[in-house]
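Now for the letters of each chain:
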Amino acid sequence: MIASVHFPVLQIILPLLLAPVCVLLRESRLAWFTALTASWAAFGIAVALLLDVLAGGPLSYAVGGWNAPWGIELRVDAANAFVLTIVAGIGAVVMIFARQSIEQEVGNARAYLFYASYLLCLAGLLGVTITGDAFNLFVFLEISSLSSYVLISLGKDRRALYAAYQYLILGTIGATFYLIGVGLLYQATGTLNMMDLAQRIEGQEGLRGLRVAFAFLTVGISLKLALFPLHLWLPNAYAYAPSAVTGFMAATATKVSVYVLLRVFFTIFGVEFSFDLMPLGEILMILAVAAMFVASTVAVFQNNVKRMLAYSSVAQVGYIVLGIGMASVTGVQAGILHLFNHALIKGGLFLAMGCIVYSIGSTHIRDLAGLGKRMPWTAAAFVAGGLGLIGIPMTAGFISKWYLVLAALEKGWWWVAVLILLSSLLAVLYIWKVVERMYFHSAGETGENVERAEAPLGLLVPTWILIGASIWFGIDTRLSAAAALEAAKTLLGVG
Amino acid sequence: MTHHLVVRVIAKMLIPFIMLFALYVQFHGDFGPGGGFQAGVIFASAFILYALVFGVETAREVAPDWVVRTGIALGGLIYGGTGVVSLFKDGNYLDYSVLKADPVAGQHIGILVIELGVGITVASVMTAIFFAFAGRQRRG
Chain A
1 MIASVHFPVL QIILPLLLAP VCVLLRESRL AWFTALTASW AAFGIAVALL
51 LDVLAGGPLS YAVGGWNAPW GIELRVDAAN AFVLTIVAGI GAVVMIFARQ
101 SIEQEVGNAR AYLFYASYLL CLAGLLGVTI TGDAFNLFVF LEISSLSSYV
151 LISLGKDRRA LYAAYQYLIL GTIGATFYLI GVGLLYQATG TLNMMDLAQR
201 IEGQEGLRGL RVAFAFLTVG ISLKLALFPL HLWLPNAYAY APSAVTGFMA
251 ATATKVSVYV LLRVFFTIFG VEFSFDLMPL GEILMILAVA AMFVASTVAV
301 FQNNVKRMLA YSSVAQVGYI VLGIGMASVT GVQAGILHLF NHALIKGGLF
351 LAMGCIVYSI GSTHIRDLAG LGKRMPWTAA AFVAGGLGLI GIPMTAGFIS
401 KWYLVLAALE KGWWWVAVLI LLSSLLAVLY IWKVVERMYF HSAGETGENV
451 ERAEAPLGLL VPTWILIGAS IWFGIDTRLS AAAALEAAKT LLGVG
Chain B
1 MTHHLVVRVI AKMLIPFIML FALYVQFHGD FGPGGGFQAG VIFASAFILY
51 ALVFGVETAR EVAPDWVVRT GIALGGLIYG GTGVVSLFKD GNYLDYSVLK
101 ADPVAGQHIG ILVIELGVGI TVASVMTAIF FAFAGRQRRG
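Going down the list, the protein sequences come from chains A and B.
Quick note on numbering: the first sequence equals residues 1 to 495 in the numbering used here.
Quick note on numbering: the second sequence equals residues 1 to 140 in the numbering used here.
Derived from the structure by calculation, the hints contain no laboratory data.
The structure presented is a predicted model; accordingly, all values stated were derived computationally and were not measured.
Pair by pair, the computed Cβ-Cβ distance ranges are:
| # | chain 1 | residue 1 | chain 2 | residue 2 | range |
| --- | --- | --- | --- | --- | --- |
| 1 | A | 215 | B | 9 | 55 to 63 Å |
| 2 | B | 23 | A | 108 | 34 to 42 Å |
| 3 | B | 64 | A | 476 | 51 to 59 Å |
| 4 | A | 44 | B | 88 | 17 to 25 Å |
| 5 | A | 70 | B | 28 | 25 to 33 Å |
| 6 | B | 132 | A | 393 | 51 to 59 Å |
| 7 | B | 64 | A | 44 | 38 to 46 Å |
| 8 | A | 303 | B | 23 | 55 to 63 Å |
| 9 | B | 52 | A | 157 | 32 to 40 Å |
| 10 | A | 478 | B | 132 | 46 to 54 Å |
Now the stretches of chain A that chain B is said to cover, found in silico as 3 or more residues with beta-carbon under 8 Å:
| # | stretch |
| --- | --- |
| 11 | 18 to 26 |
| 12 | 61 to 69 |
Using N, Cα and C, we set each Cβ at its ideal position, and we do this for glycine too.
Please put together the full structure from these sequences, using the hints given.
This is how it looks when you write it as structure tokens:
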């Protein structure tokens, strides 16, 4: 029987191998059921791995029986076990949401292709997170990217095709930069295993090739995680993709790229190289603050609510990167914590938008008038998620911003703390714009269209699971803050 | 191109040999140059030649959509399934040594089977891409 020592590899191959099974089954219900089983099994494995790692330290798995550093190593430590749990958890919850939403937006005839691509994307993201090999990471990055281009292009709007194409071009440039970086690293060190790379780079910091590799890796991954000003692919991709895809990708794809950034900065190159030899801290801080303000301001002026939330995602990536840029335990902890909290909040918000698309068929702010009466549960979910985005106490968003402010004060950067609070006010503006429309305008001045049109339970339940979780982790932070602290300590190599 | 007699006759003669060569490249891949990727492309090129000479519609009758789609999925499953078999035989994922009592024979079998999977998927994908491009004007 397959024992739990194989969990690291099962984490990837369950969704990876059930994807072609979906293609063979073709029938949309069967394909959905297969994908549901795969994603929930992956979530179960991720939780088991997280508990294992928190109790007993890092796990290593030699694929094909070839030991590291020659073979491909799957390595699970506190940092990626936490990210695995986030990705697999969101993947599982969105899968419940997908059945009815996809039936309407993609149609039953092509639904099996959606489920196959979704599983491939999930497998790719989990693979990126779990692998301990820099080149293998590139392969999984491509699996997840290629399948996400397909997923985005399935959107009903014809602009989805253009958005997918735009993402394809920019995503490919990002992946190419990453590959060039890995190639230069290989040239300088002769190894691809991350732990081995870290050992060999130590003491070789003067090599110019390493510095060039570092620059290529940073820019390539920043494109993937939509760090301002490399975010241009994101708003259209999120706005025109099918609702379930937007919910899934907003909560996972950029988060996994953030994790890759953390790995490259802290595990492979180390804090001294990244932050003392290279001016990374200053660059990251300027870009992060610019993202927080510019993207939030642009979000205020959007009329398509999905696009507005997409710009808000760019701003939230800014908060995460700001935490990373501080390169202190509290800062990185705040970054990882916000990665987790934002995944729940934004996933929940996009699923709420999915409910609205299902019932009303529009994401334009004009059509949301009177939604507080017509779809009370969905509107309430949006408000709860919006409060989290702003960072009101008792929501998850408050916790991560609290840690971020603490980290800034710890460094003596009081003005950064002020900027964090100021930029939160911009979030109040764009969330309020939607809330005002939903609760203080009646639908149609003449009074038509006022009957209730609440989304079905199959959509509401997953939405509220994510929104509920974001409130839960705003009150009870024992699990999330402790796991993020453990992850930050692992990455920085202290304690 | 159906009215070119010479092209039709030569294509008919060549196609079986192209396929045979693809199989040679496929199964000789672990001793010499070659393997699933190359073999898959060569095998698909036989189909593409057939479609170019005798028309895409005729080629679609030989390889209907469901065959191509099944091929794409099946190849991947053969590759991944080999790994699962080694899991059940108490080895790590894709550890071919446990497939047979003799590790060397196990490695041999393993590489042969996964390359077969690669070959099937590559041949099907190449055919699918060709059909997709060739079928473009029909839909307008």
